[in-house]
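A.B. asks: Whole structure, please, built from the sequences with the hints as guidance.
Here the protein sequences line up with chains A and B, keeping their order.
Residue 199 in the working numbering sits at position 199 of the first sequence, and the numbers go up by one each step.
Residue 44 in the working numbering sits at position 44 of the second sequence, and the numbers go up by one each step.
It should be emphasised that the hints constitute simulated quantities derived from the structure, not laboratory data.
Treat each hint with caution, since some may be false.
[As the list claims (entries may be wrong)] Partial list, derived from the structure: chain B residues whose beta carbon lies under 10 angstroms from chain A:
{"#": "1", "residue": "A61"}
{"#": "2", "residue": "T334"}
{"#": "3", "residue": "A505"}
Remember, it's a predicted structure, so these values are computed and weren't measured experimentally.
Note that CB positions come from ideal geometry on N, CA and C, so glycine has one too.
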Amino acid sequence: MKIVRQSLMATLFLMIVCGVVYPLVVTGIARLLFPKQASGSLLTARDGSITGSWLIAQGFQAPGYFHPRPSASLTADGSGSLPYDAAFSSPSNIGPDTKQEIKNVTDAANAYRKENGLPAGASVPIDAVTASGSGLDPDISLANALLQAPRIASARKIDPSIVRSLIDRVKDNPQFGFLGATRINVLRLNLALDKIAPKSTAKP
Amino acid sequence: MIANDWIQILVSLGLIVLISPLVGRYLAWIYQSPHLSLEKGIYRLLGLDADREMGWKEYAAVLVVSNGFFFVAGYLVLWAQGVLPLNPRHLPPLSPEVAFNTAASFVTNTNWQAYAGEAQLSNLSQMLAITFLMFVGANTGLASLVAIIRGFVREGSATIGNFWSDFFRFFLRAFLPACALMALIHVEQGSPQTLSTSVTAKTIEGASQTLIVGPVASLESLKQLGTNGGGFYNANGAHPYENPTPLTNTLEFLEMGVFTFSLPFFFGRMIGRPRQGQVFFAVVFALYVAGLGLIEYSEKTPNPLLAPAAVTQKTSPLQDGGNMEGKETRFGITQTSLFSNTTIAATTGAVDGAMDSMNPLAVLVYLVHMFLNEEPGGKGVGFAGLLKEAILAIFLAGLMVGRTPEFLGKKIESREIKLAALSLLVTPILVLWLTGLSLLLPAGKSSIDNPGPHGFMEVLYAFASGNANNGSAMAGLNVSTPYYAIAIGLEMLFGRFLPLLPLLALAGSLARKKTLSENAGTFRTDTPLFVLLLLGFMVLFAALTFFPPLILGPILEHLSIVHNIAF
Numbered sequence: 001m002k003i004v005r006q007s008l009m010a011t012l013f014l015m016i017v018c019g020v021v022y023p024l025v026v027t028g029i030a031r032l033l034f035p036k037q038a039s040g041s042l043l044t045a046r047d048g049s050i051t052g053s054w055l056i057a058q059g060f061q062a063p064g065y066f067h068p069r070p071s072a073s074l075t076a077d078g079s080g081s082l083p084y085d086a087a088f089s090s091p092s093n094i095g096p097d098t099k100q101e102i103k104n105v106t107d108a109a110n111a112y113r114k115e116n117g118l119p120a121g122a123s124v125p126i127d128a129v130t131a132s133g134s135g136l137d138p139d140i141s142l143a144n145a146l147l148q149a150p151r152i153a154s155a156r157k158i159d160p161s162i163v164r165s166l167i168d169r170v171k172d173n174p175q176f177g178f179l180g181a182t183r184i185n186v187l188r189l190n191l192a193l194d195k196i197a198p199k200s201t202a203k204p
Numbered sequence: 001m002i003a004n005d006w007i008q009i010l011v012s013l014g015l016i017v018l019i020s021p022l023v024g025r026y027l028a029w030i031y032q033s034p035h036l037s038l039e040k041g042i043y044r045l046l047g048l049d050a051d052r053e054m055g056w057k058e059y060a061a062v063l064v065v066s067n068g069f070f071f072v073a074g075y076l077v078l079w080a081q082g083v084l085p086l087n088p089r090h091l092p093p094l095s096p097e098v099a100f101n102t103a104a105s106f107v108t109n110t111n112w113q114a115y116a117g118e119a120q121l122s123n124l125s126q127m128l129a130i131t132f133l134m135f136v137g138a139n140t141g142l143a144s145l146v147a148i149i150r151g152f153v154r155e156g157s158a159t160i161g162n163f164w165s166d167f168f169r170f171f172l173r174a175f176l177p178a179c180a181l182m183a184l185i186h187v188e189q190g191s192p193q194t195l196s197t198s199v200t201a202k203t204i205e206g207a208s209q210t211l212i213v214g215p216v217a218s219l220e221s222l223k224q225l226g227t228n229g230g231g232f233y234n235a236n237g238a239h240p241y242e243n244p245t246p247l248t249n250t251l252e253f254l255e256m257g258v259f260t261f262s263l264p265f266f267f268g269r270m271i272g273r274p275r276q277g278q279v280f281f282a283v284v285f286a287l288y289v290a291g292l293g294l295i296e297y298s299e300k301t302p303n304p305l306l307a308p309a310a311v312t313q314k315t316s317p318l319q320d321g322g323n324m325e326g327k328e329t330r331f332g333i334t335q336t337s338l339f340s341n342t343t344i345a346a347t348t349g350a351v352d353g354a355m356d357s358m359n360p361l362a363v364l365v366y367l368v369h370m371f372l373n374e375e376p377g378g379k380g381v382g383f384a385g386l387l388k389e390a391i392l393a394i395f396l397a398g399l400m401v402g403r404t405p406e407f408l409g410k411k412i413e414s415r416e417i418k419l420a421a422l423s424l425l426v427t428p429i430l431v432l433w434l435t436g437l438s439l440l441l442p443a444g445k446s447s448i449d450n451p452g453p454h455g456f457m458e459v460l461y462a463f464a465s466g467n468a469n470n471g472s473a474m475a476g477l478n479v480s481t482p483y484y485a486i487a488i489g490l491e492m493l494f495g496r497f498l499p500l501l502p503l504l505a506l507a508g509s510l511a512r513k514k515t516l517s518e519n520a521g522t523f524r525t526d527t528p529l530f531v532l533l534l535l536g537f538m539v540l541f542a543a544l545t546f547f548p549p550l551i552l553g554p555i556l557e558h559l560s561i562v563h564n565i566a567f
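C.D. replies: In structure tokens:
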């Protein structure tokens with residue numbers, strides 16, 4: 001009987017400490033020290049409305065914007081596909097030896113070549129044709145960005161070298177010089193584009 | 001591979017080798033020093049007599065009963081989610097079988113997820129059920145290890161310690177402060193930590209986007225440090241909010257390793273033979289490094305089936321190459337390999353990339369890690385499993401030379417061998433029988449997502465993960481069906497407690513024995529020869545038991561890819 005009473009007391013105590021006090025104390029300190037990050041690294045427009053998060057991919061489609069990696073994220077109830085919506089993050093979960101994977105990659109590579117005016121058989125970076133782990137990957141590889149650059153330049157009627165130097169300026173090197181891959185945040189890159197070239201020309 | 005891949009791997013391995021002995025020493029202090037006044041206050045408040053010594057039966061009873069209460073409390077919160085506060089999205093409660101599966105999953109430190117975090121749980125459930133169970137599940141594992149170690153330390157003793165004292169010492173002096181500190185670093189790097197739940201954004205191109213936020217960072221650090229693994233989001237550590245930068249990714253796999261890799265050193269200090277701790281570390285580290293090598297090799301290798309699509313799969317300064325399906329650009333292959341190898345070896349089960357899309361040799365490594373389940377293994381119970389393997393290996397060595405085996409001065413006799421073997425048999429029975437059963441039943445087969453050997457692996461992986469209290473998944477398999485929710489739910493409970501109780505009994509039996517002094521005939525267990533003996537025993541046992549399913553799954557799939565056969 002004593003075991004039961006002690007276990008019950010410990011359960012209540014630990015539930016309050018672990019489930020209430022710990023997250024609330026961390027929340028309080030986090031809001032004080034890192035308010036931007038704590039609320040989700042949100043991006044606010046001039047009128048105060050929220051236009052996204054620096055950390056979450058957006059499904060850019062216009063030819064004048066850089067495009068993110070393919071997304072396999074789902075609708076909020078998980079019943080269907082809703083790329084780039086962050087209500088239900090998901091990878092594709094497709095195995096490497098399946099006909100489905102070969103078809104997905106082949107289709108994506110053909111679409112990528114067509115969109116960017118590449119000749120048939122031109123090699124496409126692997127990150128541009130595979131779904132990311134979360135469906136919300138905010139980054140693309142440099143190879144991917146450089147292949148998209150001519151399309152951006154012609155849609156915005158600017159010199160391709162301007163786009164390439166922008167890529168070089170916005171790219172993220174490995175953290176501390178060695179952690180992770182060199183990559184480029186698509187949202188940051190597109191916002192930087194809008195700054196240097198008028199937005200009207202970006203519309204399809 | 002490029003130079004940067006090698007640097008990341010060597011730095012990470014170096015950090016594990018440097019940090020683990022220090023943490024092991026700290027843990028030994030925690031368990032060898034008097035109660036702190038804070039601890040005494042808590043024991044008084046809760047009416048726990050933390051100084052009263054318990055025999056193994058009482059220790060096991062307190063462990064089981066308290067975990068029963070933790071389980072029921074967690075279940076009730078998930079089941080009542082619909083009427084509880086902090087649920088502005090009006091999420092319905094989990095179905096009874098998924099709530100059962102989830103409570104079983106988190107109390108056993110498995111963190112198998114038959115639900116999708118951001119879509120199905122309110123912030124209150126994430127805190128009061130998930131965060132709570134993550135803490136107590138992991139803490140119970142560590143406490144049980146301390147009791148098992150006392151079996152080796154004590155002589156002629158009928159008791160193996162006090163559960164509550166073992167529980168609260170680690171909780172207050174290491175676990176809770178480490179989680180809070182690391183959570184703040186995760187926030188600094190970009191993980192949300194807020195009580196609000198969702199933000200609707202209007203994107204640059206005018207589309208609507210739902211961003212789910214919440215107390216993510218506090219759950220994240222705990223998920224890694226407790227080798228729990230259950231993510232706030234469905235995509236787990238691949239989600240940019242859970243794991244925003246390469247630094248958080250590195251911290252996360254070090255967090256998984258920090259307490260687990262320190263346990264061999266902790267053990268060495270507790271029994272007063274530091275060399276023995278180094279020997280055990282060498283065993284788990286060897287298996288860990290071997291696994292990492294094969295995963296990195298497999299994931300970096302271009303997939304020949306994709307050759308007709310004309311894609312660049314080679315790593316260059318402009319892109320990371322290899323199998324990028326289901327991986328995040330900021331991590332690339334190497335960070336993902338480091339993370340995946342650690343998450344399985346330390347039985348965390350968090351992932352930062354899709355396990356279901358990984359190449360077959362990588363999945364082979366994950367399965368073998370889960371079958372071994374003790375290198376370095378989850379909070380406490382993993383290392384306890386290694387001690388059990390050591391006892392069996394010494395027994396075999398003793399048979400070969402024809403003398404009574406001894407381990408650390410304790411005679412290993414019939415009762416100890418029976419208990420160790422009983423504990424060892426749980427894994428093959430649960431994993432192989434349940435996999436076989438599921439492949440016979442329509443309810444088991446209908447959940448399979450991928451065709452061919454890959455589909456078979458999804459089922460094998462699910463039961464290997466549930467039994468090993470790992471919790472990672474080849475997530476294509478639909479496990480929220482009543483069949484899988486209940487089968488894996490029961491398996492997690494059996495996989496946790498069935499091997500653990502015989503080990504507590506074993507500790508009770510060892511504590512009662514005399515400690516013999518060493519002589520010229522003693523088989524030394526702190527030598528490189530013993531490292532080889534133990535490695536050989538572990539690998540042989542796993543190979544004999546699990547070779548058939550490994551051939552039908554990852555090995556068959558690997559050979560198909562090499563020979564250009566798709567399913």
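A.B. asks: Each hint: holds or not?
C.D. replies: Hint check results:
1. Among the interface hints, the one on A61(B) holds; its C-beta lies about 6 angstroms from the nearest C-beta in chain A, closer than the 10 angstroms criterion.
2. With a least beta-carbon distance of about 8 angstroms to chain A, the hint placing T334(B) at the interface is held under the 10 angstroms criterion.
3. Below 10 angstroms, beta-carbon pairs count as interface contacts, and A505(B) has none with chain A, the closest being about 18 angstroms; its hint is therefore violated.
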